[in-house]
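Now for the letters of each chain:
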Amino acid sequence: MAFGLASQLGYDRAITVFSPEGKLYQVEYAFEAVKRGWSTIGAKCKEGVVVAASKKKVQTLVDFDKLEKIHFIDDHIVTSFAGLAADGRVLVDVARRAALNYRFLYDEPAPVEYVTKAVSDLKQVYTQHGGVRPFGVSLIIAGVDDEPQVFMTEPSGQYMSYKAVAIGQNHHILMEFLEANYKYDLSLDELVKLVLKAFLQVSESEKDPELYEVAVVPVDTKTARKLTVEEVAKHLEEL
Amino acid sequence: MAFGLASQLGYDRAITVFSPEGKLYQVEYAFEAVKRGWSTIGAKCKEGVVVAASKKKVQTLVDFDKLEKIHFIDDHIVTSFAGLAADGRVLVDVARRAALNYRFLYDEPAPVEYVTKAVSDLKQVYTQHGGVRPFGVSLIIAGVDDEPQVFMTEPSGQYMSYKAVAIGQNHHILMEFLEANYKYDLSLDELVKLVLKAFLQVSESEKDPELYEVAVVPVDTKTARKLTVEEVAKHLEEL
Amino acid sequence: MAFGLASQLGYDRAITVFSPEGKLYQVEYAFEAVKRGWSTIGAKCKEGVVVAASKKKVQTLVDFDKLEKIHFIDDHIVTSFAGLAADGRVLVDVARRAALNYRFLYDEPAPVEYVTKAVSDLKQVYTQHGGVRPFGVSLIIAGVDDEPQVFMTEPSGQYMSYKAVAIGQNHHILMEFLEANYKYDLSLDELVKLVLKAFLQVSESEKDPELYEVAVVPVDTKTARKLTVEEVAKHLEEL
Amino acid sequence: MAFGLASQLGYDRAITVFSPEGKLYQVEYAFEAVKRGWSTIGAKCKEGVVVAASKKKVQTLVDFDKLEKIHFIDDHIVTSFAGLAADGRVLVDVARRAALNYRFLYDEPAPVEYVTKAVSDLKQVYTQHGGVRPFGVSLIIAGVDDEPQVFMTEPSGQYMSYKAVAIGQNHHILMEFLEANYKYDLSLDELVKLVLKAFLQVSESEKDPELYEVAVVPVDTKTARKLTVEEVAKHLEEL
Amino acid sequence: MAFGLASQLGYDRAITVFSPEGKLYQVEYAFEAVKRGWSTIGAKCKEGVVVAASKKKVQTLVDFDKLEKIHFIDDHIVTSFAGLAADGRVLVDVARRAALNYRFLYDEPAPVEYVTKAVSDLKQVYTQHGGVRPFGVSLIIAGVDDEPQVFMTEPSGQYMSYKAVAIGQNHHILMEFLEANYKYDLSLDELVKLVLKAFLQVSESEKDPELYEVAVVPVDTKTARKLTVEEVAKHLEEL
Amino acid sequence: MAFGLASQLGYDRAITVFSPEGKLYQVEYAFEAVKRGWSTIGAKCKEGVVVAASKKKVQTLVDFDKLEKIHFIDDHIVTSFAGLAADGRVLVDVARRAALNYRFLYDEPAPVEYVTKAVSDLKQVYTQHGGVRPFGVSLIIAGVDDEPQVFMTEPSGQYMSYKAVAIGQNHHILMEFLEANYKYDLSLDELVKLVLKAFLQVSESEKDPELYEVAVVPVDTKTARKLTVEEVAKHLEEL
Amino acid sequence: MAFGLASQLGYDRAITVFSPEGKLYQVEYAFEAVKRGWSTIGAKCKEGVVVAASKKKVQTLVDFDKLEKIHFIDDHIVTSFAGLAADGRVLVDVARRAALNYRFLYDEPAPVEYVTKAVSDLKQVYTQHGGVRPFGVSLIIAGVDDEPQVFMTEPSGQYMSYKAVAIGQNHHILMEFLEANYKYDLSLDELVKLVLKAFLQVSESEKDPELYEVAVVPVDTKTARKLTVEEVAKHLEEL
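Residue numbers (my numbering), protein chains in the order written: chain Z, 1 to 239; chain R, 1 to 239; chain G, 1 to 239; chain F, 1 to 239; chain P, 1 to 239; chain Y, 1 to 239; chain L, 1 to 239.
Isolated chain Z (complex conformation) (with noise of 0.2 angstroms):
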């Protein structure tokens, strides 16, 4: 079946309305929104794991500095998203009060699958009844438990563990570079270097750090910190 044909008979308007073939369209038109998100990229190596995510300047007077891609979730946990930015933002509470929880009922600090299952189970429940639309927005969530970890979850609901994983503009390109270069054993140093080189495979990638916003949690001190300008700079001259 054609697509037009699916969009003619209307399966493609409601997410409780499966097409003949077993599709969810909303739930994939929901992933076109995550394609046209600023890009963003989460690796693991040995050390520990890193969330980089590429800014634009489109707007001179939007104060650049506290344009946050890369936000916290607990000590150990950060995140990153493409596709609409509200949607994000909701899903960014919800890791949040799920690693809350998790610290409030055990104690310790939610292993970062929990946390991701927590985002991606009520991603679930919006693909699944009327009255609603899915979210329009694909999220990145990384961090150290007793290993690196670093999962990316779907508007669909469904996520996985990855080694390393872009998502939003130009994600194929980033993805093709990273198959093409990424191994397990680098230092976390030499992975922050490698997804950078990444986006500059992006043609219209530039070497001015403050585009960058880049996040490591390592294993030794299994606490989330953001680079500073100054130290995305170092990296991007020593490529």
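Please note: incorrect hints may appear among the correct ones.
Straight-line Cα separation of at most 30 angstroms, BS3-like style, residue types lysine-lysine; simulated pairs [unchecked claim]:
(1) F/K56 / G/K57
(2) P/K66 / Y/K226
(3) Y/K226 / L/K46
Keep in mind that the hints were calculated from the coordinates and are not lab data.
We have chain Z already, so just place chains R, G, F, P, Y and L on it with the hints.
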């Protein structure tokens, strides 16, 4: 896919339906209501924040003195909106309740972003659940907490921090002027003048002080106040 | 986009749907019900406020004496509406409950704007949530609190303060007359005469005192009262 | 806009949709059910109120004696309706409960308007909220409180006070006769005769006393009672 | 407006939509289900009431003895319905609960009209609120309270008192016979014979006593009982 | 009105819509699911009841021994259904809970009709309220209380008592055979043989005892039990 | 009726609508999602049960080791699903809660069918009520209680007991192989080999042990465990 087609297929007639491009047309249409609203500007400098709104004497018997375009949210926060007036009023109340709750819970003034997020989270809900329409209004929420803050929140529930921002009619012209002339290290008086000068770029504007409502929150007092007509007049003369 | 097209595409058939121009057609259609209502005028001067409504003897056996167009909300506030009669009655009740609650909570008379806002906030809700229609009625709510106050609230939930305002049939003609002749420093008697004179601009009106219902709230007593037929007759004679 | 167009565009198929002219077609259609109802008249004079209904022997085996067209609401209030019989019965119950509640709360008989407003407010709700249809019935509610009272409430929830009013089939003919002959200072007996005479204007009516149900509430007793067939017969003879 | 047009415009596909003529087509369509039901008759005379239903041997292996067409509501009330069998069963339960409640509250047998009204009020609700369909069933509810009573309630929720009434298949033929031959001052035995004779007017009926179910409530005992097959046979013979 | 037209006009696409002929098409369509179900027979005689179902080896790796077509509701009641398997399972649970509740409340075994009515009343609800579909299943509920009982309940919620009844595929052929050969005064063994013989009328059936599941409830024990494969085999041989 | 017609008439676009053939198309469409899922097999023998799933290396940077296709429900029960991943995850949680509740209530391990029924009953609800879509997933739930048990539950909520069953891509090829080669009296090791051999029938499969996830529940331990890569490799070599 051309606009006309999206419309014919009905992707643009419910908040709970993504178009095949991953767009929420109803949210974009709500933006049109914002664009028709009276223009308003928010800006910050090292000495504080300025919010200024232009008013029009469309009906001569409207009690112009009582026509408020700038609203106090708390001692240290003001807001101004463009779009559907009744929607804006509802969200001003939401902002006030958020600021009040914060004081009640933490016994200190609410951060400006806290209030902005409360308003924006409600807006997001109205873009994802059926049986409602999005709020047809953008708000500039500005004030001083640890530093001067200017946020602008859109019908989608997205918000960002701005150095200076204009919404409503002619916002493109206003933004162009601000982008060309804005500097962060202006004095508060200079910033007021810059903002008033911006309004004068728009052809139909006049130097009548009654046509402008201006509020400032200086960093030293952290207390919002509206300029008197005399003060506005003086600023206009000195341009 | 031409009107006919908006209609064919169905943007005008649900309160929860914005048209591509950012309009809520259902709210605009509700306004049409207001425009067909009997005309009523509210005005204020330094000595108080006047609300005056014209009545028509459409059915001779209607008990004309009992046909009230002006309603007391509290000692110091009156209202008159144009539009769907049953909708107006519901909102008069809302206004009365708001005034009563205020007295109960604060042990003093409600500000006129407080009552107006209560009515307008309910109207806004009926423009944003599905499964209902907007209220097809505009109200003039007038009274004296710290000063004379005249508000007019529209089906959209928007309200403004007016020096003088007319709603219902021929409101354009009435407004034109008021705009040409209104002055704030009239005496209350002069204001009553001005308002009655306005009605006489409309061709079908007559000098029959039974066709006018007039209420005043003087600044000194802050107590609303309706003029007797004799008083209205005297005013009409003196025009 | 022609009727046919409103219909084709669907403005007339939901209570929650205004037509572009600001009309609620569903409420107007409900009126059609009223116009097909059996005719009934309410009238008042200085000595009290009369409610009279005409009945038809459409099915010979209907137990005509038990077919009540006039219902007691309280000692001093009666009602009669035209339109959908089951809808009318529901609203008669609403009226009775309102009268009972009033007695319970204030320990005195309910004003006739109080009861009328209770019925009318419920009607209004059914014209503004989705998922229901308006009540297809108009009621004449008449009685004596401080003075004789006759109200008529429409499907829209609008009600007015009348000197005399007719609803149902041939209501135009009945109203014309009443308008030509009604005087307030009739005796109650004269008013009964006037009302019966009105019915005889309609061609198919006969002087059969069984075809009329007549109730009166005299000012002196404030107690409603139905006339016996003999009384009606005597009145008919004396015409 | 022709039927076909009402149908094409969709006025007949929701209980909450009036047609332009003020009709509720869904209620009228529910009536069609009644007209296809097995015929049943209720009648009263000075000595009591009779309810009689005809049965058909459509499936030979149906346990004909257990196929009840007449249901006891209380000692003194019986009912029989035509239309959708499952709907009828639900309403028989409603009637029984109403009778039981009455006994519980007032410690005496429920008036027949009280029970009829309970059933009819529920029916009315199902004609005014969305998301349901009307009950596709008419019931004859008959019994003896202060006097013999026969009520018939329609899908619309309307009910009336009858001397004699027939519903279901061939109800026009049955009614014609009853209208021609009914007298109130028959003995109960004579009334039973009249009713059985009515059924024999319909061509396919036979003198097989198993094809008739007959219940009586005599005025003296006020206790409903069903006639035995022998009794019915005797009556049939004596015709 | 032809079928195609009802379908084009949409009368058949919601449970809450009567067609102009007073039909509920969705209920009739649910019946189609029943007709495609595996055939099952219920029958009673003076010595008890028999329920027998045919099974097919459609998938060779289905664990045929565990494939139950007959379900125990209580010691003395069994059931078998044709139609949507998951719907049937839900209703078997409903029947069991009804039987359990009855024992709990009255401390004695539930009458077979009590259980049947509970199931049927739930079915009726699903034919009258929107947002659901009817149960696509018919059940034979059989057992012994004061006497042998066999009920069959349809998707509409209608149920009747049968001497013998067949549902599912080929039910017409099975019924014809039963109608021709059934007698109430068979022994239970003879009844089992009659039922098995009925199945053999349908061409594709075989004398393989594994293809039949047979349960009996003898009047003397009032305890349901399933026949062993050996017992079924013996009956088949003796045919 | 051809498929295209059902689709044009809209019978296939809501879970609450039967088609004229008594089909629920939305449930059948959900099945299509299952057929596109990765294939998985469940089988039982006298010594226990085996569940085995094939995995594909579609994205090289997915953390393949963490990609689980087989989930533990309790010590003695495992499950694997084909279809929408997020839906499957939700139902795995449902199964776990059911098993936990059983232990909590009865203090012993839940029967495998008990868990299967809990999952299936929830699925059924999602096929009968509006505003939701069916679960687009089939699950194999296998374990050992009194004996080895393998159940498979479909999107419709129907479930059956199987000796061996395959779902997902190529399920027809897998089933054909199993039907031809399955025997109940295999040892558990032989059964594992049979299942792996089945996967190799599908052309694109390889003898790479990382591509298979295998779990067993032996009758003697009643404790589920997953085979190590080495164990799977050894089995593959021995084929």
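Hints and how they fare:
A distance of roughly 34 angstroms separates the Cα atoms of F/K56 and G/K57; the hinted pair therefore is violated under the 30 angstroms criterion. A hinted pair counts as satisfied when its Cα atoms are at most 30 angstroms apart, and P/K66 with Y/K226 qualifies at roughly 27 angstroms. This hinted pair checks out: Y/K226 and L/K46 have alpha carbons roughly 26 angstroms apart, not beyond 30 angstroms.
Against the hints set out earlier in the document, a violation occurs for number 1 only.
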